[in-house]
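Student: Read off the chains here:
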Amino acid sequence: MANEVVDPGRRRFLTATTAVVGGVGVVAAVVPFIKSWEPSARAKAAGAPVTQSLKKIEPGQQLIVAWRSLPVFIVNRSPSQLAALPKQDPRLVDPGSNGTSSDQQPKYAQNATRSIKPEWLVMVGICTHLGCVPDYVGEMKAEPFDPNWQGGYYCPCHHSRYDMAGRVYQGVPAPKNMVIPPYHFIDDTTVQIGVDPQGAA
Amino acid sequence: MANVFSSIGEWVSDRAPNLAPTYRKHMTEYYAPKNFNLWYYFGSLALLVLVNQIVTGIFLTMNYDPSAAGAFDSVQYIMRDVEWGWLIRYMHTTGASLFFVVIYLHMFRGIMYGSYKKPRELVWLLGMLIFLVLMAEAFMGYVLPWGNMSFWGAKVIVSLFGTIPVIGGTLVEWIMGDFLPADATLNRFFALHVIALPLVLLLLVVLHLAALHEVGSNNPDGVEIKKGPKGNRWDALKPADGIPFHPYYTVKDLVGVGLFLAIAAFIIFFQPTLGGWFLEHDNSIAANNLVTPTQIKPVWYFTAFYAIVRMIPSALGTAVWGVLGMFGSIALLFLLPWIDAGKVKSVRYRGTGYKVALTMFVLAFLGLVMIGTDYTDVLFPKLFGSDIDITAWDNAFGRVMTLIYFGFFVFLWLYTHLGWEKTKPVPERVTTHD
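The listed protein sequences derive, respectively, from chains A and B. Heads up: the first sequence runs through residues 1 to 201, numbered per our numbering. Heads up: the second sequence runs through residues 202 to 635, numbered per our numbering.
Note that these hints are calculated values from the structure, not bench results. Treat each hint with caution, since some may be false.
[Claimed, not checked] Below, in silico cross-link-like pairs of lysine to aspartate or glutamate (EDC-like), each with a Cα-Cα straight-line distance of 20 Å or less:
no.: 1; chain 1: A; residue 1: K141; chain 2: B; residue 2: D588
no.: 2; chain 1: B; residue 1: K439; chain 2: B; residue 2: E629
no.: 3; chain 1: A; residue 1: K141; chain 2: B; residue 2: D590
no.: 4; chain 1: B; residue 1: K583; chain 2: A; residue 2: E119
no.: 5; chain 1: A; residue 1: K107; chain 2: A; residue 2: E119
no.: 6; chain 1: A; residue 1: K44; chain 2: B; residue 2: E374
no.: 7; chain 1: A; residue 1: K35; chain 2: B; residue 2: E374
Here chain B stands alone, though its shape is the one from the complex (with noise of 0.2 Å):
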């Protein structure tokens, strides 16, 4: 038997002679730094809510009807008739959220480290347009159910591209193929959240772990393990801080898989909706193009950004300001390895001001999710007492937020180009070597 399957390898090798080398270089011979902690877990935490949602996804097509006249009713068929597809459907849901929230966390990391500095500019870039490619394809798949905050949702998120000057109207008809969203728009954003995106999302990821490769991983030192001194156990000219992604990384993945898929099946069993946040309530309620829902917001995930624009005014007779202010607010985030000319990476050896910054950016992030989601209308009263003007509280909080948000990257610029940063000394090697 042994035989046959060696025989079979060698079959194979023979017409595919690079086969085995490349499986080495990106696995048992890949060395990344043996220092990593406890945040580099959501990279590999991504990929595997990027496998759940295509294996959920393609079961959920088999009874999915993407005609407006039979949307809802076919995810409530889903829901109620089709044997176990309330579980499908939940592991969707509930992995689209997480996969914003290991997402999220894995960006932080790569700010907070300073991985998308020099080397790394192409893997932070291909990260951000993956970033970018996972919203579309969040939104559209929120839209497919019809429910009416499906409806409505579509309807802002594609009016966005109505506030652009002049070719605003058209361009809306465009994307939705008719004067409002309707059967043809639910169709396309089918289309794409099924097949157009996924190819794309999947394209990149590799782009994104093959640039990565190229350079190395960065670690929590922001040292480079290349520079450091050479030769490990494994290999005389590899670096000595050095360890194989496979078995070292892949064991240590696991024990985080363990413990992601553990809070993720308590969410699917126990809380699939997360009291609204992770599937909101008036989505049960099919798509009405008369009814406006009367507490409409988006998913948690997108709330900072709908903040940024609810809390820019119009000015000039039109309202493309706040539009602006939340494609900029991403757009900023694609130019971080420009904006920040520090040399040291990461934040253990940067200056006060930058960890101050950081923890400012952190928490502006997370006060416009609160605006965003309407959490302050609770909590405002709460704390100030029942008779306040609450718009006029929310306004006021929320611009400030939005202020420290885009402040966060002016004093980035100023801040390393002008060099007032007062780094500490960077380590020569990881500081958890030997």
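Extracted from the complex, chain A is given alone in its bound form (with noise of 0.2 Å):
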């Protein structure tokens, strides 16, 4: 017969092509089983924004509500409270926001008080960290885990800390701010969550 004697290079060519085929062809088959992982069609709909009266808000107490299914923390800050703030820029990581924290709110919000009006805060309950809900610890009074606090946020699940308006303090876990979410006042006691001001974005 013809082909009787043996080519090896031809053979190897064979071999590598057929392997490099069979290849594209699993690796194309993964991605339809990679991709149906991801958040399906249903998870990503689930995102309208969500709207919030302030009235029954006393100063100084905390709201929580769902938008995305994430806590969003609203704030009435006392006076006291909003007193405390300037002091604590020494002993953050981005008094600012400006630096390593300068994409954790919208433009409108990257002032001192991380708000639109200084005393509401409306921020994402949600550490930097690793992603727990902090706990709202308003007081100013000396805390086991602090004992010149003057009040702010404090997660339980690796002890990282911030003070009233979301700022993290320096030698926690968490590395940056928490975000502050695009929000706008509809009028003076109602608050919209999720949508930017109007003519800000």
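Please assemble the complex out of the two chains, which come individually in their own frames, going by the hints.
Tutor: Following this line, the structure appears as structure tokens:
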């Protein structure tokens, strides 16, 4: 027969091309399985804005509302809590929110109080370390985790601490200030979370 | 009747002539060193717990509902309404904790007697892979009851991947299949926990044993019985210091099994939660995505690694360092056969430096467990007064423990690669021969 003589080069070429084409096929077949782990269309759809009245939130009080299944803290900061904010600056990682935390809030909340109105803090209550919900510890008194506590947030998971503007303290595992979501005031006593103020976006 | 059995036996061996020789190779003609001590119980006990987890796990799936809406209630249903459901679940939860007890002791045995060293590196690597898969398996199983600790445990562990620069956020969403742990997450964890990872685990266990039987077992003296004199009571060519695994070590292991089951039964029947150490109280509250439990910490067997995450602060705007530290603490164990260049295997004949370092390493691990379980928050005020700054004390203590943990590997490398170790003479044969 004509092909009784083995041509090793030809044989190697055929083996290699078969392996490559087969490999491409395997990779292509894996894609749907990998993609099936992504958030489904249903999960992506659940993200409508949330409207909340502020009338019943007393100074120093915090209300938690769910937005995109995330807890959003709405705090009516008392004058003493606001007054304590600038004093924390030396102990914070990024007091001006313009360094490592520059992308943690919209431009209109990139200020000393991290808010549109000084007293109203609207913030996604998720620790920037590993995603727990920090506890609101608003009173300005000595705490077991900090004898000079000036009010703020304490994460139960890995003991990260934030001040009353969600700015992270130095020496804790969390790297950044907590996220300020897009929000705006519909009127003086109503806030909408998930939508930027007109003209800001 | 005897004829029927022997003819069936012949029928099988005609068609599978390698079956009987394989059995002999791994059981009656597998010669293990005759000087095994108490530390050698934990391998077979790990196998026992694995079987327990598979059997009780199969029965749990029969009543468990892997949906975010139904999971929590179905576990309560198993506990209250299913006949003997509480026993099956407690066997599974207690088994999970005891799995780590025996695995940690088994690993310590391997380190102490140098069982990871040449020629057993592959046995060690396969064992470490088993440990890794077991951690994933335990974590996903912990999420399934969908209590509040399950939910937040899932959130934190998955978020570990979120600290990876650039792709982190996308990766977290990909793992969870949503923007937070949800139905999709629970479903896939269930699939991985009950089928994918157990299959991997079984395969790895088979490979671990196969690799072990290729090279033969190490022993408390760390001498190679295959290199010693030949000829024992059963075979003139096999090691003089070896005895057949079956029946000698199977019978010995049965004693361990009896003792172990007695302890396990005591826990299952009298202390199923072990005061919150085996089952955490906050997991009796249904998952709530808006409230993190005030006392959140992993189950005890993860706390050492969790403490390392907690002790390393963020730097350069990222929390990845703590996560790297945690994965690094496990990766270093994988590399142990190459970090430790000492030729002497057993701690019995190693240098004093090694003995001190190993003791420090164990104490550091236990210290990290104490930090991770928040036990130090109770202990320190008792020891040093109630007005101390607990966070500062925790951090100082935990960081020292973390440094000692990593320091062990650094020291071991220097100690053995630079020839600082002064070893004692290793005997020719196991010390208890004849």
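Student: Return the numbers of the hints above that this structure violates; sort them in rising order.
Tutor: 4
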